[in-house]
Amino acid sequence: MAWPLLLLITAPLLAGLGSLLARSRRAVEVLQSLLAGTLLIATALVVERVAARGRVSFGLFPEADALSAWFDVILGVVGAAGTLYAIGYLGEQLERGQVSLSRFRQFFGLFDLYLAAMLAALNVENVAIMWIAIEGATLSAALLIGFERSKAALEAGWKFVILSSVGIALALFGTILLYYSSAHVLGVTSETLRWSELYRAAQKLDPTSVKMAFVFVLIGYGTKAGVAPMHTWLPDAHAEAPTPVSAMLSANMLTVAVYAILRFKAVVDRTVGPEFTGHLMVGLGLLSIGVASVFLLVQRDYKRLFAYSSIEHIGIAFIGFGIGGAGVFGGIWHLLNHALAKSTAFFAAGLVLLRHEHKMLERVPGLLRQMPLAGSAILVAGLALAGMPPFGMFISEVLIATEAYAAAPVAVYAFLALLTLAFAALLYQVLRMALGEPVEAGRALGGRCLGFSAIAVLLNVAALVATGLWIPVQLGRLITSIVGIFGAAASLP
Amino acid sequence: MLHALLLVGVQTIVLLVVAPFVVGLIRKVKARLQCRRGAGVFQPYADLAKLFRKQPVVSTTTSWIFTATPYILFASTLAAGLLVPVFASKMPLNFAGNIIALVYLLALGTFFLILAGLDAGSAFGGMGSSREAIVASLTEPAMILSIFAIALTAGSTNLSTIVHKTALLEGIVTDPAPHLMALAALFIVALAETGRVPVDNPATHLELTMIHEAMVLEYSGRYLALVEWAAGIKLLVFLTLIANVFAPWGIATTHTPAAIGIGILVYLVKVSGLAVLIGTIESMFAKLRLFRVTDLLGVAFILALLALVFFYILRG
Amino acid sequence: MTTLLLALLGCYAAGIFLPLCLPGRPRIQNVIANGLAGAAGLLGVILSLMGLLSAQPLLLSVPSTLPFLTFAIQIDPLAAFFVLTISLAGLAVSIFALGYLVEYSGRRSMGALGALYNGFLLSMTLVVIADDGFFFLVVWELMSLVSYFLVVTEHEKAEVRYAGFFYLIMMHVGTAFIILTFLIFFQEAGSFSFEAFRHPEQPLPEGMRTFAFLLALIGFGTKAGIVPLHVWLPYAHPAAPSHISALMSGVMIKTAIYALIRVYFDFLGGQFPWWWGFVILVVGAVSALLGVLYALMEHDLKSLLAYHSVENIGIILLGIGAGMIFQAFGLKDFAALGLLAGLYHTINHAMFKALLFLGAGALLSVTHTRNMEEYGGLLRRMPWTGFFFLIGAVSIAALPPTNGFVSEWLVFQTLFLSFHLPALFLKLMLPIAAAMLALTGVLALACFAKAFGISFLAQPRSGHARHAEEVSPAMRIGMAALAGVCVVLGLAPMVVVPWLDRITEPLIGASIQGKVLALDGWALAPVNVEFSSLSTPALALMLAGLAALGLVLAWLFGGRITARYYKTWGCGLNLTPRMEYTAIGFVQPIKRVFSTLYRPTVKLETEFIEESRYFAKRRWFEFHIEPVFQRYLYDPVVAFFSTMADRLRFIQSGSLHLYLTYIFVTLVLLLLIAM
Amino acid sequence: MQQMPLQIGSQMVDLCAALLLLTCFAIVAQRRLTACVDLFALQSVFLAATAGLVAFLTGIHHIYVAAALIVVIKVIVIPRILKQVIERLNVSRELVMNVNIPTGLLICGILVILSCFITQPIIPIGFLLTRDSLTIALAIVLIGFFTMIARKKAVTQVIGFLVMENGLFLGATAAAYGMPLIVELGVFFDVLVGALIIGIYTHRLQDAFDSVDTSKLTVLKE
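As given, the protein sequences belong to chains A, B, C and D, one line each in that order. In this text, residue positions in the first sequence follow the working numbering: the first is 1, and each later residue adds one. In this text, residue positions in the second sequence follow the working numbering: the first is 1, and each later residue adds one. In this text, residue positions in the third sequence follow the working numbering: the first is 1, and each later residue adds one. In this text, residue positions in the fourth sequence follow the working numbering: the first is 1, and each later residue adds one.
Treat the hints as calculated values from the structure; they're not laboratory data. Note that beta-carbon positions come from the ideal geometry of N, C-alpha and C, so glycine has one too. Possibly wrong hints are sitting among the right ones.
[Stated by the list, open to error] Partner residues are not named here, just some residues of chain D that face chain A (Cβ under 10 Å, in silico):
| id | residue |
| --- | --- |
| 1 | Ile-125 |
| 2 | Gly-186 |
| 3 | Val-191 |
[Stated by the list, open to error] Quick list of in silico lysine-lysine cross-link-like pairs, DSS-like style, CA-CA up to 25 Å:
| id | chain 1 | residue 1 | chain 2 | residue 2 |
| --- | --- | --- | --- | --- |
| 4 | B | Lys-50 | B | Lys-287 |
| 5 | D | Lys-221 | A | Lys-151 |
| 6 | A | Lys-151 | D | Lys-216 |
| 7 | C | Lys-157 | A | Lys-359 |
Only chain A is shown next, with the shape it has when bound in the complex (with noise of 0.2 Å):
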């Protein structure tokens, strides 16, 4: 019985049209509401399921094994939260006379479209689907990214459209290529492009031409996970999009496209052995954290901030999966809990956004006093995305340096001097703006508003905190599994 996984796609499908047809703000907030809540449902029947069969299936299309179930949470989650959270945001901007009814119409008609996408490239069997989906996903953020139409929107906009295009190309010419090496082994079907055929005859294919598909894999989606060099559309594009949007992004997109690349890797890695994937994914995680803690350093701006350090989360993700072993738990771990860290982050600095009404980090000081929810909110999403305890992201960067200790020293005294440069940077901005007298009045916020984000971000913190130092049971099993899947679960106690 996969109803539950059908439900997870369809969902936010209707939902969009529902909103799109809606006639009051109201009727799109209750639908919104709903979607909120089945996401929520949705998501635990499935791990549930998973947890307990390994697998659900509906036939081709959908199909969830472990690994997507586990990214089902963090879409799930995530994605629940950032409904509620668009309600009061859009809502606020409404009642403010910044967007009409129409567009607020559009903007969740949108906003479903993409969450549907993501969820369907998740829970296909299928390299080519998965790749339609993600392009879905990617042509929907791109109308939401410029979804306020100022300059600076539409340039962002642009920046995303063709950096991601090229990117998104460039993923399918490696998908082609595996498909070219895969074709002569399994024949011409569409059986050809199914994950598990391809892991089951992995061993047979053609190692050049599999390393060459998953180096243009790598650069693709690679561009969509913002992982350097191929970040530079990120922060422009979180900065700019409406903040739900920017939480979205953050938290769902990057993973989904981390995402894919794991499951090119667990291809690769079947063919050429880790080592290969795995220092590609290692040097380009490093290259990240640092490119990242350089501009965290200089940053002005708060949303930008926030969109440096996913750069540099994703980095390190990276590098636990390069690594592998205890690695790879390191790094789901770590992409759960960044995605909730970083989605409540936005979530504040959207709040701040709408209150001033300019992103300058150093003119709003004195958060915790001006705006206790947003203030308290980055607060904690700040110290969870430093990497401190009690929260799940130092749990696993510890992880991910013990694993990679024993196989290259130095690459770790390097992760570990970049994490403190990120460290020392990102605080140094949150605790400077959660921390002392507030200087200026900006303009207060609607009760709705408020309400939802409250919501919205108690959800967030709330999984943040579940997931911090314990694993539920359920996930447990997801975890195990997955780890099995890069053949690693002899390295983990």
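Following the hints, complete the assembly by docking chains B, C and D onto the known chain A.
Frame of chain A, contents of chains B, C and D only:
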């Protein structure tokens, strides 16, 4: 037990009685060297008696620290004195503390004296305290090193043990060089600690020069008496230290009355000799500027260090 | 015993959550938070005493669902000793806080303060009883984090935010080094459990051991505040509310000492070359001397106390370092003595430093300033606070017969025993270290003569001081408790030493209890009565008796004359507070003697009256000492990073074509690599 | 029709592929925007031809569908959209480039060699009929990419992107006998929508900055 108490009692009395005499003797020597007749050697006793009988004047700004200090000073100095073998080498209180304890007991007195100096609230007291602080700080390292150098020769830091062994010529210094250096160092330290020329001048009352006198400026009556007495005892303790550690000969190594009697007499001779020496030095040298004192104590430190080095080198 | 432990943890946990649960009732929150903390402290004392005395260490382990992480707890004598330190301080400080926090209520969220306070104590306790490397790291970071939030309690002040941030960063850097240390152990152990660290499958290679030694020294040294990693300390400790400063300065930095002992003597099995010990010795001596020298120049009472923490950490390390040297040469008795001296000074410093900080807090709460120049004459207005502060001052100045003297004396003896060492170099170095210790001791004496004299004696120097009143009973009880502990630790070494011996024995492998205690416990005699002995009870009796003798003599010769009270002679003028010696003036000579270190800059401006150049109308005097380490060690690093970051801005130049080029080039390069 | 010898077939496929490549060079060398669009359309025609040929030779029928889609979308629809965009512009030719034309051509030549070098080892595993065209596909992708870097006008960047897409299709159809139909359809749909969205963006850029010179978009930076 009773025996032990008796010994301690005798030593206490000896210290109390001899201290003013030494002070008087030094004054007399200085007077003579300055071609004055000078007051009698026993003048200090008269001064003390008189001070005790005078009505003390206590500043209204002061706290109980001011009135308590003389007693604490008196007690700590005397306690330090009880750790030094004076006329008999095996003292029952030997176990109570070694030479470090002696140093720190004196420091306890200094600490409260500094507080008392500040308590009156006049600029003089503060000035004296501040100067006392720096002098004390600079003295300490040299003191510890020289003491250690001595302790090495006897393989002990307990004064009675050191003196006893030296007196019985056990483990006696085969090589005088380090011993003499340590002696010189300790002598300089003693001058500094007890506020004698060239570090301080007990006879002066000039704002610019006085250290110890400035601290106790506000004291009068019995308080002043106790402070002066304590100062005398401190001086005596150092003289005793030098005398008995470096030349313990004649000290009573057994506790028979005869031996003790001889011990006391020899002791008197020794400290008188040292007193004369100090008197002469005081009239030969001028007082140093406060910030030249560092040089002097630096010399002391180096001497002590050399003593150490020589000791190890000669002992191999 | 397990139940006791659970009760203890439970108390802290409740102390964290309950205050948050009833907002809007500051008074109740305050009582609950500190009450529970106090109760936990009491339980902790009992628990730790049991831990010290019981033969079997208490083990408790909860597996986590995360790889490599186990919530494992072990209370062996070493851990118990530090639990004792934490709990004693925690108990007294909690009582003090009951009264102290009253002035904070309304201005601050009592709930948050209380919760953080309990969290702080809890994390410290967990740090010393953790038995798993990963778990240790987690609680260690938590400890830093919680204490950070306590430091920035008054975050509306810029300097407080700066202090807090500096602190947080330094701690994190330290943690990075600690992680590396543990990773080295992990390599051979294959797990993070301390048991595995102790007995790895194959022993660590020599190079790795040395590496671990240095990493641990830097990592934990940052927390301990050894020179030159101490720079955060004088900022952070004063910035926090005083009862927190008391815990940070008194207890928190000791957790680093605990960790160092744990790593060197336990994980590394006490097997090391002598130069390790020598490094520790040098670090200790330098920290001690520089700590006190900088303390002397401070006129902010809390900063002064903070610098003294650096000094005392130095003294502790002197003991431990000497012990390590002896250990390296197999002189186990002396090694044990050194370690024992270090531990003794650890608990002593915890007690009197906490006491002094509480005293400073009391002054702060009545005068609303930390500047000593605005105190004065407080002994008459706050007799109890003054008395307790005096006890603390005498103890930290190591004057007999206090506890500070006992432990410092033990350190001296350890250093003196150096003539047993085979190497001439060390034979000379240890006595020189002793000389530095002596200098440190007397400078500390001068410093506290200044601190107490300027703050409590003579006339009040400001309106605040003039209208000061004695603090609330709770605060006095808190201070009294610590003062009592100081006195007991000073007068009853015969009780303390056997406990400490239970700690050092398993670490060194030699019990020296019999050799240190002489005359059935009434005297300390390391290692034989012949060499040296000390009996603080006897000294105390002598002092008391002789002081009485003084009284008797005074009465004998003078009879009973009542003193006359009259104002101090001020050269004919009426004495005003402005004529008193200031703190700056007091340390002027010391400043001059050590000017090469301080590099003082003095600015004196005079405004004359119009008529003549001989009569000054107004004068300004200001002087600063150069923060050498910050200027030449830390500022360059910060400058480097910021300039580098500025230089690299061009990466994100905004040109789409450039961005496309990045991707293109990367693609081509990776393709060539893939070939 | 199976009796037609394979060599001839593969040679014909290679010929078409080569023509595709040539049009790439032409686009790189062309300054006039409309001409670029036309060249792109022409290239798409060749692409369709290749696809049809492959379908014919291998008898895999859904490739015909792909060919048809190419003709509809890439030869007719997209060029029309682009033409509309260009009409609204105030420029018809691109004078300034990041890389001048001779250098550009040179670089493209190097890229072709590079792709030969890269694809060399993996050619043998392909299907005899069409495997050589993989090299050309990669070359076209790289050249398209390079065009996007070299040109400043939004429109030409779009064309560069579309050229990349053509390369991909050549790779897909020729080298691997096309993806499964459903995939093809999806991909085509995405490409169409993508082109539309990019078109919309170009419009907005024109409205907002009244120029489509993307090198002027440098407000967002550090």
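Hint check results:
1. Ile-125: holds (5 Å)
2. Gly-186: holds (4 Å)
3. Val-191: Holds: closest Cβ of chain A sits about 9 Å from Val-191/D, inside 10 Å.
4. Lys-50/B <-> Lys-287/B: violated (30 Å)
5. Lys-221/D <-> Lys-151/A: Answer holds: Lys-221/D to Lys-151/A is near 14 Å, not above 25 Å.
6. Lys-151/A <-> Lys-216/D: holds (12 Å)
7. Lys-157/C <-> Lys-359/A: holds (24 Å)
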